[in-house]
Every structure is written in C-alpha cells, then in structure tokens.
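Which chain is which? The protein sequence lines are X and W, in order. Position 78 of the first sequence, counting from 1, maps to 77 under numbering that gives the first Met the number 0, and the rest follow consecutively. Position 112 of the second sequence, counting from 1, maps to 111 under numbering that gives the first Met the number 0, and the rest follow consecutively.
Calculated directly from the structure, the hints in this document are not laboratory data. Quantities reported herein were computed from a predicted structural model and do not represent experimental measurements. Built from N, CA and C at the ideal position, the CB exists for glycine as well. Accuracy of the hints is not assured; some may be wrong.
[Claimed, not checked] With a cut-off of at most 30 Å between alpha-carbon atoms, the simulated DSS-like pairs for lysine-lysine come out as follows: (1) Lys120/X x Lys142/X; (2) Lys142/X x Lys9/W; (3) Lys182/W x Lys123/X; (4) Lys9/W x Lys167/W; (5) Lys142/X x Lys21/X; (6) Lys120/X x Lys244/W; (7) Lys167/W x Lys120/X; (8) Lys182/W x Lys120/X; (9) Lys244/W x Lys142/X; (10) Lys123/X x Lys9/W; (11) Lys9/W x Lys105/W; (12) Lys123/X x Lys163/W; (13) Lys105/W x Lys167/W; (14) Lys142/X x Lys167/W; (15) Lys182/W x Lys105/W.
[To be verified] Chain X side only, calculated, beta carbon under 8 Å to chain W, not exhaustive: (16) Phe29; (17) Ala32; (18) Leu72; (19) Asp74; (20) Glu118; (21) Leu122; (22) Lys123; (23) Tyr147; (24) Phe253.
[What the hints assert, rightly or not] Here are the computed distance ranges between Cβ atoms for each label pair: (25) Phe235/W x Met198/X: 33 to 39 Å; (26) Leu122/X x Ser96/W: 20 to 26 Å; (27) Glu133/X x Asp147/W: 26 to 32 Å; (28) Leu19/W x Glu128/X: 51 to 57 Å; (29) Pro57/X x Ala70/W: 37 to 43 Å; (30) Leu93/W x Gly84/X: 44 to 50 Å.
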Amino acid sequence: MIAAGLRTTGGRRMQLTAPHVKIASLSKVFGSARGDVVALTDVTMEVERGEFVSLLGPSGCGKSTLLKIVAGLEDRSAGDVQISGAPLNGCPEGLGFVFQRDVLLDWRTILDNVLLPAEFKNLKRSLFEARARELLALFGLRKFETRYPWELSGGMRQRVAICRALLVDPDLLLMDEPFGALDALTRDELNIELQRMWMTSGKTVLFVTHSISEAILLSDRILVMANRPGRIVDVLDIDFPRPRELMLREQPEFAAYTRRIRETFERHGMLRTDH
Amino acid sequence: MGYFARSVNKPPVTLVFICLLLLWQIGVWVFEPSPLVLPSPIEVGNEFLKNPRIFLFNAAHTLANTLVGFALAVVIGVSLAVAIVYSRFLEATLYTSLVAMNSVPKVALAPLFVIWLGTGDQSKIGMAFLIAIFAIVIDAVLGLRTVDPDMLDLGRSLRGSEFKLLWKIRFPSALPSIFAGMKVAISLALVGTIVGEFVAAQHGLGYVILSAQGVFDTARVFVALVILAIMGTLLFYLIEFAEQKTLPWHVSRRAEQKVAPTQKIPTVATVP
Numbered sequence: 000m001i002a003a004g005l006r007t008t009g010g011r012r013m014q015l016t017a018p019h020v021k022i023a024s025l026s027k028v029f030g031s032a033r034g035d036v037v038a039l040t041d042v043t044m045e046v047e048r049g050e051f052v053s054l055l056g057p058s059g060c061g062k063s064t065l066l067k068i069v070a071g072l073e074d075r076s077a078g079d080v081q082i083s084g085a086p087l088n089g090c091p092e093g094l095g096f097v098f099q100r101d102v103l104l105d106w107r108t109i110l111d112n113v114l115l116p117a118e119f120k121n122l123k124r125s126l127f128e129a130r131a132r133e134l135l136a137l138f139g140l141r142k143f144e145t146r147y148p149w150e151l152s153g154g155m156r157q158r159v160a161i162c163r164a165l166l167v168d169p170d171l172l173l174m175d176e177p178f179g180a181l182d183a184l185t186r187d188e189l190n191i192e193l194q195r196m197w198m199t200s201g202k203t204v205l206f207v208t209h210s211i212s213e214a215i216l217l218s219d220r221i222l223v224m225a226n227r228p229g230r231i232v233d234v235l236d237i238d239f240p241r242p243r244e245l246m247l248r249e250q251p252e253f254a255a256y257t258r259r260i261r262e263t264f265e266r267h268g269m270l271r272t273d274h
Numbered sequence: 000m001g002y003f004a005r006s007v008n009k010p011p012v013t014l015v016f017i018c019l020l021l022l023w024q025i026g027v028w029v030f031e032p033s034p035l036v037l038p039s040p041i042e043v044g045n046e047f048l049k050n051p052r053i054f055l056f057n058a059a060h061t062l063a064n065t066l067v068g069f070a071l072a073v074v075i076g077v078s079l080a081v082a083i084v085y086s087r088f089l090e091a092t093l094y095t096s097l098v099a100m101n102s103v104p105k106v107a108l109a110p111l112f113v114i115w116l117g118t119g120d121q122s123k124i125g126m127a128f129l130i131a132i133f134a135i136v137i138d139a140v141l142g143l144r145t146v147d148p149d150m151l152d153l154g155r156s157l158r159g160s161e162f163k164l165l166w167k168i169r170f171p172s173a174l175p176s177i178f179a180g181m182k183v184a185i186s187l188a189l190v191g192t193i194v195g196e197f198v199a200a201q202h203g204l205g206y207v208i209l210s211a212q213g214v215f216d217t218a219r220v221f222v223a224l225v226i227l228a229i230m231g232t233l234l235f236y237l238i239e240f241a242e243q244k245t246l247p248w249h250v251s252r253r254a255e256q257k258v259a260p261t262q263k264i265p266t267v268a269t270v271p
C-alpha cells in the first residue's frame, strides 16, 4: 500500500500512524422475539488512510450492519472500533455516508440536496455553494442544479448522493451498496467516476457490495464475508495498477481473483450450484 | 381531443354546477312543489338579491370564525403531533385518548361550549377548532412517523441535532400528510362553526338558517345553504392551491406516472 500512503497528503490533524478505521473482535447480536440473531461475530479489520476497501458478501452477511456500526448509526454488542486512533463514540466527524437508495430529499433542489451537510453541521451555506457546484460539474450534473430529484434518473440521483457525501470533504467515505439499484451500464459508469474521484481526493473508502467484479475493479483490498453468522472469511489484496478500466474485467488475472472469491463462497456454503 | 370531448370526460366544475341548477329549475317548473318545500333557483337568487349585504355580512362572520378555528387547529394540532411523536408518554396518554375521543360525536358538545365560552364568537371558534383538530393531529402523527428511516440516518451521520432532524427532514416529509389532514379539517371546521351557530348565536349563516326556519322562509334557508356550499368548496380548493404552491415536489410526483421524467429531460443519455 505504498501508493495509498502517498495519497495521505491531506492528512490534517489526525494521527497518521493509526489506521483510519480499526475494528477489533466486533460482534453484533440482534434481539428478536424468536431469540437472538447473531449478525456479526468476531470481526477484526483495519483500513489504512487513503485505502479503498470493499466488504464483499451475500445478503444477510452483516456487511451493511458493519458499515452502520462504523458510522455510529448502530450500536455494537461487543468489540472495539477506533477511527483515527480514537474510540468510536456516536457518529464520527469527517465521515460521508452513501446509502443504497440515494435518499435525496424530494422537497429540495439538487443543489440544496448537495448543500444539506453544510446546514446540518451549522456551516455557512454560502461558503460551500461553489464547492457544491464544482462537485455537481465533476459528475456531469451542472445543468441540473435547480431541478428536483424526481426529475432525474436513478444513476443521476445516486451521483447527487455522492456529491452530497463529498460536500464537506470528509476523509472517510462509507458506501453501502451505492450502485446496487442501478442498471449494469450505469453501474459501470459510476464505478469509473468513483475511482477517478477517489484517486484525485485521497479519501479512505469503505465500500459494501455483493458484486464480485465491482469489488475487484475498485478495491485495494477485499474483505470477503460469509453469513450466518456474519464474519470475514478471506482477505484479498488486488494488485492491478490504476486507473483501472472496465476492460480489465476481461483479463485472466481478474478471472483468477473472481475464481478465488467464488471458491471461498462455495467453501462456506454460500454459492450453491447443486440445485 | 377537442374541447367538447374533453369536457365530457372531465367537465369543469362550473359547468356541472350550472347543469345542476338547470335541472333544479326545470324540476320545480314541471312538478310545481310548494315554495315552502322547495323554492326554485330563481326564487333563491331573488331572495339573495333582495338583501345581499345581510347575507354577505353573516357569511363573513361564519367564514372568519371557521378560519380562526381552523388556524388554531393547525397550529396546535401540528405541535401536539410533534410532541406525540417525540414522547412515548404522550403517545400512550394523549394520542390514544385523542383517537378514542374522535369517535365521540363532537357536535354533542356544542351546548357545553356555549356554557363555557358564551354565545359569542368564542364558542363557534371552539367548535370549529375541536372538530377540525382530530384530523390534523392524526394525519400529522402519521406523516411524522412514516419518515424514511434512511433519511434520519443520513441526518444523524451528519451529526445533525434533533431539532435539525425535525425541521429539515421529519417536518417536510410529513407535509403531504399534514395537507391531507388540513383538507379534511377545513370542511370540518365549517361544520363546527355552523353547529355552534345553531346552538346560540346572533350572526352567521347557521343563525340565518335557524331564524329563517322559524318563519318558514325556505328560500332564505336555501340562500344560506348555497353560500355555505360555495364557501366550503372554495376553502377546500384554497388548501389544495396552497398545497400545490408549497409541495410542488409532491404534487409532481403524483403526476409522475403520466409523464416519465426522462422524457422531459432529453439530455439524460448524454451525461457521462
């Protein structure tokens, strides 16, 4: 991760030595009427500053829960979470969250949606307007500033959601299957746009997906998760140079990563092909 | 599609109204009922023109009391709804008793309001308020509760205060529901005012109806009824107009099925 280390130029006030996200022996148990459900067990992982890490697994493996715990939106049952060396307490500062659904506020224009974080953080709106416009332009949405969310297609709406998450320049971006609801072509486009944004901004990204190829294409490292109970069963470093192009998926090395992940899934009984 | 064909499928309100009046007039000509039972529209119109100022004065009274009662119901109702949504205690006590009380015929309380608030405007405003507030509280609670949980998570992840969550997320997302409650409530407020005027009053359309009934002046009763009908309709459309102005996003979303958004924005495909 030499490249990742070099990208931490905007390191600001944090401890550069501590990993950006550090999770130790984390578990999460949901109490329900029919008894407890173990969503996550003994999860230990680290994400270095500037790294792009994916949590890859089938539905129900607790990957979204893990992301919500890091965001401070969900309590943990046991274990430790540290952000930049400081124990997690509530929703951490300097964090952007992108949901699977875009969660745009229907009553706000696109520009006002992107400016929402400034309002919530009591920052002066006028100071961020230029940046909001810049971000929208970066994602090809310059012309839609005054439109309302319902006037945009699904891919454009998700681009707006990403702009919103980037507005106050958080150094940690948590993305919960952000492209899961999009069609395959739009998804490809957004993968490339996300990579471009990440390469120029040096942010740490923790990315949840159930698409093997998306994870390989985007990540420095993939944490493969199994379900029942949710846990990390494999860790892969992806060694392709950047920027990566979509055609990379046709390469034999790419196929080798895919095979290894599929085999992991099969070994843990998650990819049954016998029926 | 020509104007005529369109009008048959969805005729304008005024046209429907004129046709009804015409039917009424023809019915009176053909069946010749006693004017005590059913005066013709022309007689009703003449009755109004004989002394329009009296009718308008009384209508203004009824309208003012209705609007004051309604406004109080909106302000207090929405505030109560916010309190109910944030407090489990209030939800268990206030909300459940409000829902229970909603099934009581509130009209029966009108005499009590006269005892409490006198025979003046207060008792009419009180009745309008009482009848209207239930619809507003119930719909506002529903709206505030059914906010998208991801939106709240978004606000929390931005470390927004509880007040910011309420003011910038919960409340706007509840507005369509609140407007639905207001549309029901405005008609109910008018009912409340009239009931209040029936029990004890010196002005208002309810008073006009009651005093005309006392002297079998059926035409006069009908004038008051027609004014009430017009007033009720206008008030309803006033709320609808306000809704369209306040919630263009919601109103347009309802129409979304008719016009696909991508058709309106041809540049979608060219965005990288």
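How the hints compare with the structure:
1. Lys120/X x Lys142/X: holds (27 Å)
2. Lys142/X x Lys9/W: violated (37 Å)
3. Lys182/W x Lys123/X: violated (37 Å)
4. Lys9/W x Lys167/W: violated (38 Å)
5. Lys142/X x Lys21/X: violated (40 Å)
6. Lys120/X x Lys244/W: holds (29 Å)
7. Lys167/W x Lys120/X: Measuring from Cα to Cα gives roughly 12 Å; hence the hint holds.
8. Lys182/W x Lys120/X: violated (36 Å)
9. Lys244/W x Lys142/X: Holds. Lys244/W to Lys142/X sits at ~24 Å (cutoff 30 Å).
10. Lys123/X x Lys9/W: violated (50 Å)
11. Lys9/W x Lys105/W: At roughly 37 Å apart (the allowed maximum being 30 Å), Lys105/W and Lys9/W break the hint.
12. Lys123/X x Lys163/W: holds (15 Å)
13. Lys105/W x Lys167/W: Judged against 30 Å, a Cα distance of about 35 Å means the pair is violated.
14. Lys142/X x Lys167/W: OK: Lys142/X and Lys167/W at ~25 Å, within 30 Å.
15. Lys182/W x Lys105/W: Since the Cα atoms of Lys182/W and Lys105/W sit roughly 19 Å apart, the hinted pair holds (cutoff 30 Å).
16. Phe29: Not OK, violated: Phe29/X not within 8 Å of chain W, min 15 Å.
17. Ala32: Since chain W brings no Cβ nearer than about 20 Å to Ala32/X, farther than 8 Å, the hint is violated.
18. Leu72: Since chain W brings a Cβ to about 5 Å from Leu72/X, closer than 8 Å, the hint holds.
19. Asp74: violated (13 Å)
20. Glu118: holds (7 Å)
21. Leu122: With a minimum Cβ separation of about 10 Å from chain W (threshold 8 Å), the hint on Leu122/X is violated.
22. Lys123: Cβ of Lys123/X sits 15 Å from chain W, so the hint is violated.
23. Tyr147: holds (5 Å)
24. Phe253: Given a least distance of 24 Å, the restraint on Phe253/X is violated.
25. Phe235/W x Met198/X: 33 to 39 Å: violated (57 Å)
26. Leu122/X x Ser96/W: 20 to 26 Å: Taking Cβ atoms as reference, Leu122/X and Ser96/W lie about 43 Å apart, which means the hint is violated.
27. Glu133/X x Asp147/W: 26 to 32 Å: Hint holds: Cβ distance 28 Å, inside 26 to 32 Å.
28. Leu19/W x Glu128/X: 51 to 57 Å: holds (55 Å)
29. Pro57/X x Ala70/W: 37 to 43 Å: violated (55 Å)
30. Leu93/W x Gly84/X: 44 to 50 Å: holds (47 Å)
The structure fails hints 2, 3, 4, 5, 8, 10, 11, 13, 16, 17, 19, 21, 22, 24, 25, 26 and 29 (numbered hints given earlier, in ascending order).
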